[in-house]
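Heads up: the protein sequence lines correspond to chains A and L, in order.
Quick note: the first sequence, position 274, residue 273 per numbering that gives the first Met the number 0, numbers continuous.
Quick note: the second sequence, position 86, residue 85 per numbering that gives the first Met the number 0, numbers continuous.
Just so you know, these hints were derived from the structure itself, not from any lab.
These numbers were taken from a predicted model, which means no experiment stands behind them.
One should not assume that every hint holds.
[What the hints assert, rightly or not] Simulated pairs of lysine-lysine, DSBU-like, Cα-Cα distance not exceeding 30 Å:
| # | chain 1 | residue 1 | chain 2 | residue 2 |
| --- | --- | --- | --- | --- |
| 1 | L | Lys178 | L | Lys21 |
| 2 | L | Lys228 | L | Lys99 |
| 3 | A | Lys274 | L | Lys249 |
| 4 | L | Lys192 | A | Lys78 |
| 5 | L | Lys437 | A | Lys78 |
| 6 | L | Lys192 | L | Lys249 |
| 7 | L | Lys350 | L | Lys331 |
| 8 | L | Lys249 | L | Lys418 |
| 9 | L | Lys437 | A | Lys274 |
| 10 | A | Lys69 | L | Lys437 |
| 11 | L | Lys127 | L | Lys110 |
| 12 | L | Lys110 | A | Lys274 |
| 13 | L | Lys99 | A | Lys69 |
| 14 | L | Lys148 | L | Lys331 |
| 15 | L | Lys300 | A | Lys69 |
| 16 | A | Lys78 | L | Lys433 |
| 17 | L | Lys99 | L | Lys127 |
| 18 | L | Lys193 | A | Lys69 |
| 19 | L | Lys249 | L | Lys300 |
| 20 | A | Lys274 | L | Lys433 |
| 21 | L | Lys192 | L | Lys161 |
| 22 | A | Lys78 | L | Lys193 |
| 23 | L | Lys127 | A | Lys69 |
| 24 | A | Lys116 | A | Lys312 |
| 25 | L | Lys350 | L | Lys273 |
These are the residues of each chain, in order.
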Amino acid sequence: MSEPLSQRAATATPPVLAHRIRGLSDRAIAWIFVAPTIALLLAVNIFPLIWTIRLSLTNYRSNRPNAPVKWVGLENYQKILHDPDIWNTFQVTAHFLIWTLVLQVLLGFGLAYLINKKFRGNDLWTTIIVLPMMLSPAVVGNFWTFLYQPQIGLFNYVIAFFTGADPSSFSMIGDVGLAPWAIVIVDTWMWTPFVMLICLAGLRSIPPSIYEAAECDRASKWRQFWTITLPMVLPFLMLAVLFRGIENFKMFDLVVQLTGGGPGSTTELTSINLKREAFEKWRTGYASAYAVILFVTVFGLASIYVKALNKVKDR
Amino acid sequence: MKSKLLFSAAAAAFVAGATGAKAEDLTLCWAAWDPANALIELSKEYEAQSGNTMHYEFVPWTSFADRMLNELNSGGHLCDLMIGDSQWIGGAAENGQYIKLNDFFDANGIKMDDFIPATVVGYAEWPKNTPNYYALPAFADVVGWTYRKDWFARPELQAEFKAKYGYDLAPPATFAQLKDIAEFFQGREIDGKKVYGAYIYTERGSEGITMGAMDVLYSYGFKYQNPDKPYDMEGFVNSPGAIAGLEYYKALYDCCTAPGMSNAYMGEGVDAFKSGQVAMQMNFTFTWPGFNTDPNVGGDKTGYFPNPAGPDGEQFAQLGGQGISVVAASSKQAAALDYIKWFAQPSVQAKWWQLGGYSALKSVVDAPDFATSQPYAQAFLDSMAIVKDFWAEPSYAALLQASQKRFHDYVVAGQGTAKEALDGLVADWTEVFKEDGKL
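Same shape as in the complex, but just chain L (with noise of 0.2 Å):
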């Protein structure tokens, strides 16, 4: 056994010195969800070529931001290696928590040009549409639907919704199809069981009511700023289409959700769906893999579908997802380096799409046969290719509360009126510009 052990750590001591590195332990943040651990399964093959040993702080959604900022914002020596969100690249780039990535890349050949270019935009520059890189796209996610295909399917109740609505029962085209369809499956008896129309994010205490009512508001013409005028708000956050857009979320909210869901975000979505308690779900694509291979709604039991369009026929989706990056405050970087080095490969990309990592390289997604490789492979780049995305601000946390509090009080709580929410909005986000000195 001693001899063993011996040879063991001759034979290790023989890889580091061969590959001319100290092996390093290298500490890895990100949120607590099924994608980790498929960034665990990967990460293997790195450690046994690098002979680096890669730790892992995964937090769950719900209170990521809050431990994660903390962490950056006290210099703290936790992660070498952050899978931050991707609103959080203003502050991080602009108070030098994270670091540069433009030379690591020229002196490595990874090309910025070789990513889908809205992950490039929101993941990994700052300031937006400038090539300054703090962050390598790792994982590509965006607001999407899933729906019931096996209820669909059931011709009494096609007949049923063709006679009621005058056209065919399947995944909608545009949000008024939507409702039409959840209120169609609301309070519905489905196999003996009450079911609900549609899972919508209603969360109030991180992101989630925002990522929701956002994912609406684009496709009905919410914009966030003047295009000619940076943060000029007024008749682009509360414009006539926004209004009705958060009237639409409400009345949504309202006519076809599961009673008690006033506070729900990805976690309770994924249990509402799994149960067979909704026809429709919204939620980020991330999820999918999961309901792909589910007992009760996998298969051929779950479709897919992106985000429907709006009343003038604008169609876009809340993007989600995160870039890596290299924390400023880590004693590790060259080894940091090295594993965003390691994962920016082709060959290691098209390994993290098998194992359920959405990944954001073009030779992966554009491979021919990639939109066939997944039952919502299509369904994810039709996603990807309509993106916008929250502000990126190195304010965005209170750019992000400040909508929480207004939509939820509106759109849960029944306080006020949609214009009153958006107004109401419009002068927080100025206020906030303005402490900024930005206005």
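Next up, chain A with everything else stripped away, as it sits in the complex (with noise of 0.2 Å):
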């Protein structure tokens, strides 16, 4: 019988370093082992935001190489905090933000609730509603032009026939007053079966011996709702409402390819905007600025909602 791989790797380690590792101690070894991965983030998380914080506090501007880089202080976060434009650009957001999410929860609460019912064809169903989530953002931009194109799309067709209104008598991502509604009404498209599947995962992991002594106790079906399921998928539903809620704050290729923020400046979400700060104007000091605005924004509010959540598991 040959040697188990233990051995084989303790005979075949050479003596010297067999006798520097044995010198070593847990707590040693098991920082040799996360070092790399420490490394990692540092690099690729920590040293960018630290960069990023220290070109905020400048007037850089990265298509100026060899322009003086000047020292202003906090000028660039006065100048944003001050910019109509830009809170212009955070009620846009808010207004998608609030709405895709209250959409994608209802829907996709009721969505699992229907897909937790047993019945023919129930995979088939879940497939076929988890679909959209699968394709691109950039690609569901794109597509979903052509579906509100008001002489050949399939949108303004389908509300002129329930409405009799004519097919292109209005424009859904040209119109002010409708291109806020086109955005959310795509993303709620697409990620509304994202919300579905977290909430059946939870309405999945609620015992069925639970229901059972409801049952027993002759609780209504709407009882049982309120006081078994509802409370018991809460914290399912309150991370999925985490997921997308961080997700469309710095939503950015779908709504590009729908409406390039506009008409006007109707659906520039801040990380639109952003992009037009640091890769069209070039102003990489005050884009360093507003991008550290926006993350110590969604960080607050994360972590914020992250209290609540733990809160509602704890219950």
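Bring the two chains, given one by one in their own frames, into a single complex with the hints.
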């Protein structure tokens, strides 16, 4: 019988190295294993963050490598916080964020509740429903520009069929009033299945015995929903809201393809505005300050939310 | 087979030895559009002559500036030759991204006097109107108009138009006439299909609506700055004429464009015209050869005319087009210069025009048969004679983004007034120039 692998590794280790390793504590060995990951995190996450903060305090422009870089302190932050255009993009982002979350949670939970019931073709319907989230956001954005096209778009024809309006009488992505809703609809179409899957996981994690006990106690379906289903799915729902909230706060590709931020600046989300400052106007210092503000905002909101989530889980 | 390969390799080595230069792989960067395909065809001759191999990096127009300015700003080595947009010249020259070509031109007998003056100023010089050259005019282009000649020629439409407006239905000479014609065709049924008056640029993301609006504003009296005091814009950018021009552009957008054209640029214009959707179409002249040969609208169905005149008879058009430059970060500058030397030859420029490229060489465009060589040649010449260009300052991108926002907010989103838009633009541009230390 051959020697076990650990034994073979031990005998194959050169004596000098074996002696050194024997001299290390468990903690030191743990650090050796963790160190590459920490180094990688420092290189790709922490260092860029510190560098961005440093740049945000200067007037640096990456398209002027030869120009002198001036230290401007908090001037960039001050300008951003007093810029009405930037506050407008925050409002646009808030509208997008709130409505997509509300619709996706309601529809996602509703679909999960239906899919959770045993019926024929259950798996097929689940697969069909999750198809949109498997597509690339850029493809979805481009694809919906055709669906929204007033003359040939299917969306306008469907609306016209139900309302009797002329299909070419309105433009979802060209009208100031409709464009913010156009991006909400597409994001909801694409990401409701994601919320549904998370809710489905929550629904399936509820032991049937709880419902059986409730049945024995003659609790109505309505009461079972409010006292068993919803509280037990709530942590999952909150997790879905966290994921979608963070994703939509930095939404870029789908909206750029769909509206380009227009008409005017009606759908210009903060990420689109940030990209324009950083890579079209090349105001690197200013854009870095903008990025830091967005980071602090999303980090702060996410931290508060995670605390709330933990409280719900601990209940 | 093996002996054939050996022979080919020996022949290639001989050719390389005979020319006295090492064969290089050159990469040329440009936009992905029809002229780029023509350039590939044209450059085959260069490859055969020089032994150098040409590679191409073509990027769609809407992301061309993003991609290529990133490349230049990061000192990337992707491109040896860059056919960059005309407005990049200031930044590329001041930041040392293109090499200066004066000595090279002198050494090789390339004279800028041999090229259309507007293209030299627009594509090659920095600072403007000084003999400092960073590019060779490569592709002359300008915004002009196409129209459905077959629709305009219909007797019943001509009669109806004359009865309504009191003059003949013909390519418009003024913007007021253009709007009349656009209104006349808007929503009309032709051959059982609903058609629309005009197609104009409205794109928000890159440069579309600025190119379109400026194309009108120039002829209404818009000026970038006080001719006697650089960067003094108050009363020039937002002059009463400029305000009227922007109001006109919005009125044209509101009255006479097809539904859904709220974010449309060159490609959408081509589609709208080729599909028989619009009577008149604003677009760069590079699109014209494609219309001429199109099965739906080609031949006698399409006519071409330069930008009409404004209310006071002023007539200008937005310059397009590009010059070809050698990227300073390239390690193959000698071979890249060799390509430019070859490209500047009159015989190559003549072939360039034949293949669909718009040569800027005077000997090509001044040739006696040029104006009749293509149905659009005369309109192209007329348009090139009235060009104006956007800022070519190093901060051009910031200046452009400001006008994109102001124009789109007003024209498409209908927010505020034309005066507010242009007053805002003066404020935005002033801030950019202050940050640049020019004010």
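Note to self: With the threshold set at 30 Å, check whether the alpha-carbon distance from L/Lys437 to A/Lys78 stays at or below it.
What the structure shows: Holds - the C-alpha atoms of A/Lys78 and L/Lys437 are around 20 Å apart, at most 30 Å.
Check: Between A/Lys78 and L/Lys193, is the straight-line Cα distance small enough, at 30 Å or below?
Finding: 50 Å, violated
Item checked: Pair hint outcome, L/Lys192 versus L/Lys249 [Cα-Cα no greater than 30 Å] -> Given that 30 Å is the threshold and the Cα spacing comes to 26 Å, the pair holds.
Note to self: For a C-alpha distance cap of 30 Å, please report whether L/Lys350 and L/Lys273 respect it.
What the structure shows: The hint holds at about 27 Å.
Notebook entry, point to check: Are A/Lys274 and L/Lys433 close enough, with their CA atoms no more than 30 Å apart?
Noted result: 22 Å, holds
Margin query: Check the hint pairing L/Lys148 with L/Lys331 against an upper bound of 30 Å on the C-alpha distance.
Written below: 49 Å, violated
Next item on the list: Below or equal to 30 Å on CA atoms is what counts here, so check L/Lys192 against A/Lys78.
Entry: Between L/Lys192 and A/Lys78 the Cα gap is close to 52 Å, so the pair fails against 30 Å, i.e. violated.
Margin query: Holds or violated: L/Lys127 and A/Lys69, Cα atoms, limit 30 Å.
Written below: 29 Å, holds
Checklist line | Proposed proximity, A/Lys274 with L/Lys110 (alpha carbon, max 30 Å) | finding: 41 Å, violated
Check: Does A/Lys116 pair with A/Lys312 here, judged by a C-alpha cut-off of 30 Å?
Finding: 25 Å, holds
Checklist line | L/Lys350 paired with L/Lys331 [C-alpha distance capped at 30 Å] | finding: 26 Å, holds
Note to self: Given the hinted pair L/Lys437 and A/Lys274, is their Cα-Cα distance within 30 Å?
What the structure shows: Between L/Lys437 and A/Lys274 the Cα gap is close to 25 Å, so the pair holds against 30 Å.
Checked against the numbered hints above, the structure breaks hints 1, 4, 12, 14, 15, 18 and 22 and satisfies the rest.
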